[in-house]
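Novice: Protein chains in written order, with the numbering used here: chain A, 1 to 245; chain B, 1 to 245.
Since the hints were made in silico from the structure, they are not lab data.
Small disclaimer: the values here were computed from a predicted structure and weren't measured.
Heads up, some of the hints might be wrong.
When chains are identical, the list treats them as one kind, so a pair holds in a single copy or across two.
With a straight-line Cα cutoff of 20 Å, these simulated DMTMM-like cross-link-like pairs (lysine to aspartate or glutamate) come out [claimed, not checked]:
no., residue 1, residue 2
1, 244, 215
2, 163, 190
3, 211, 188
4, 34, 216
5, 34, 153
6, 179, 125
7, 91, 125
8, 142, 94
9, 163, 99
10, 41, 143
11, 135, 125
12, 135, 242
13, 244, 99
14, 92, 125
15, 244, 23
16, 41, 215
17, 34, 23
So the chains spell out like this:
Protein chains: 2
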Amino acid sequence: MRNINVTIAYDGTNYHGFQRQTDNLPTVQQVLEKILTDLTKYPVCALGAGRTDAGVHAEGQVINFRTESNIPVGRIVLAMNQRLPEDIVAKKAEEVEFDFHAQFSAKSKVYRYHIFNSRLPSAFDRLYSYHVPQKLSLEKMKEAAGYIVGEHDFTAFRASASKAKTSIRNVLRLDIESKPPHLFLTVEADGFLYNMVRIIAGTLVYVGRGKITPEEVRHFIESGQREEAGPTVPPQGLCLMEVKY
Amino acid sequence: MRNINVTIAYDGTNYHGFQRQTDNLPTVQQVLEKILTDLTKYPVCALGAGRTDAGVHAEGQVINFRTESNIPVGRIVLAMNQRLPEDIVAKKAEEVEFDFHAQFSAKSKVYRYHIFNSRLPSAFDRLYSYHVPQKLSLEKMKEAAGYIVGEHDFTAFRASASKAKTSIRNVLRLDIESKPPHLFLTVEADGFLYNMVRIIAGTLVYVGRGKITPEEVRHFIESGQREEAGPTVPPQGLCLMEVKY
């Protein structure tokens with residue numbers, strides 16, 4: 001029995017998220033398990049590092065699966081890409097220790113939120129970004145980001161549906177990169193609560209628009225009241241960039 | 001009666017090209033005429049500067065239409081975008097001289113061809129680029145591009161379906177910009193034969209791969225035999241960037 005991890009990129013537009021659904025809607029995991037089962041001739045259960053939501057993308061999702069197959073690891077990427085639809089791409093495959101687990105072995109994950117900041121929308125980036133027509137203050141957004149970085153109770157930045165036992169997370173970095181008309185928020189943390197990145201992005205957009213102050217963001221972190229932070233911005237701006245082990 | 005021109009961007013993925021079709025397949029022109037007729041309350045015929053093919057995109061297509069409506073020109077962009085689907089965006093509207101014609105008044109057009117040059121395909125750029133996994137010699141491609149620039153008989157670079165009376169065109173520039181893994185070919189000419197940019201791009205890819213030499217490209221230009229130039233590369237890499245008047 002071998003344990004294999006594969007780095008995957010996907011355009012989430014046409015999927016109901018990463019995770020297999022009980023109601024049989026198309027998901028990335030379902031596609032991967034189907035083609036890996038076909039490829040290895042053994043039923044495959046492909047666990048993912050992050051359960052991205054419907055419409056969320058990935059440049060560096062990581063999955064692992066255990067298999068009796070002796071397919072050479074160097075052949076896996078090519079063989080997968082021959083079978084995968086064009087919106088899912090296998091990038092790298094490695095044989096790993098038997099106890100490696102894509103989700104639980106992860107030390108940190110890096111997500112990027114893409115804001116298209118222009119008066120007019122874009123015909124091209126609409127499926128890969130969130131259109132914000134208002135002027136944004138980069139300076140204020142960076143100030144607020146400074147309060148978010150660090151180990152905090154992120155109750156104010158979790159969706160009500162979140163089932164996590166603790167809401168303490170360590171945000172290792174939160175970078176704001178401006179390449180007009182694009183704005184990229186890159187968040188790395190040891191773990192994320194449900195919708196946490198999208199609520200952080202929504203809060204920073206509100207700060208940029210002047211609807212809330214950086215000081216208030218510091219207060220949200222301290223108070224832990226979900227209602228106070230900004231809105232949950234749409235899924236298509238979000239991309240899982242990297243999982244670190 | 002007024003004559004109005006509008007600059008348009010569109011993602012061509014879901015359209016059967018720009019031009020209205022007799023068989024009622026969805027086209028960009030059809031959508032524009034429908035919403036402009038709705039907006040101005042008069043039947044609109046929206047002529048385009050370039051008849052982009054199915055799957056080809058535009059950042060700067062220009063249309064013009066004549067209308068009895070007295071809608072203020074400053075309201076047109078917003079009013080159009082409220083009615084347009086997300087994959088078509090109006091960018092600018094101007095009132096122009098009555099004899100202005102989007103196609104015939106154009107002095108030159110600028111097209112860009114996007115090559116995704118990487119061993120693995122991209123899950124994101126697949127609808128907006130052409131994937132070339134082989135290594136490409138930029139130096140040789142630039143040398144060949146030098147032979148294409150200028151006024152020549154482009155018979156070797158026209159599709160057999162082309163109906164143009166003369167195949168003499170003036171290529172004003174052909175720039176090759178490398179931003180790995182992306183490669184952008186930008187071609188400006190006073191006019192284009194049917195599939196000319198896609199055949200130029202296909203020829204340059206063959207030069208980059210070493211399948212034909214820059215010297216042979218010079219020969220294609222001189223000989224005027226279509227069979228000798230490179231293949232017609234796929235439509236999704238092509239984008240009409242700008243029309244100059």
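Novice: Okay, which hints does this one fail, numbers in order?
Specialist: Of the numbered hints given earlier, those the structure breaks are 1, 3, 4, 5, 8, 9, 10, 12, 15 and 16, listed in rising order.
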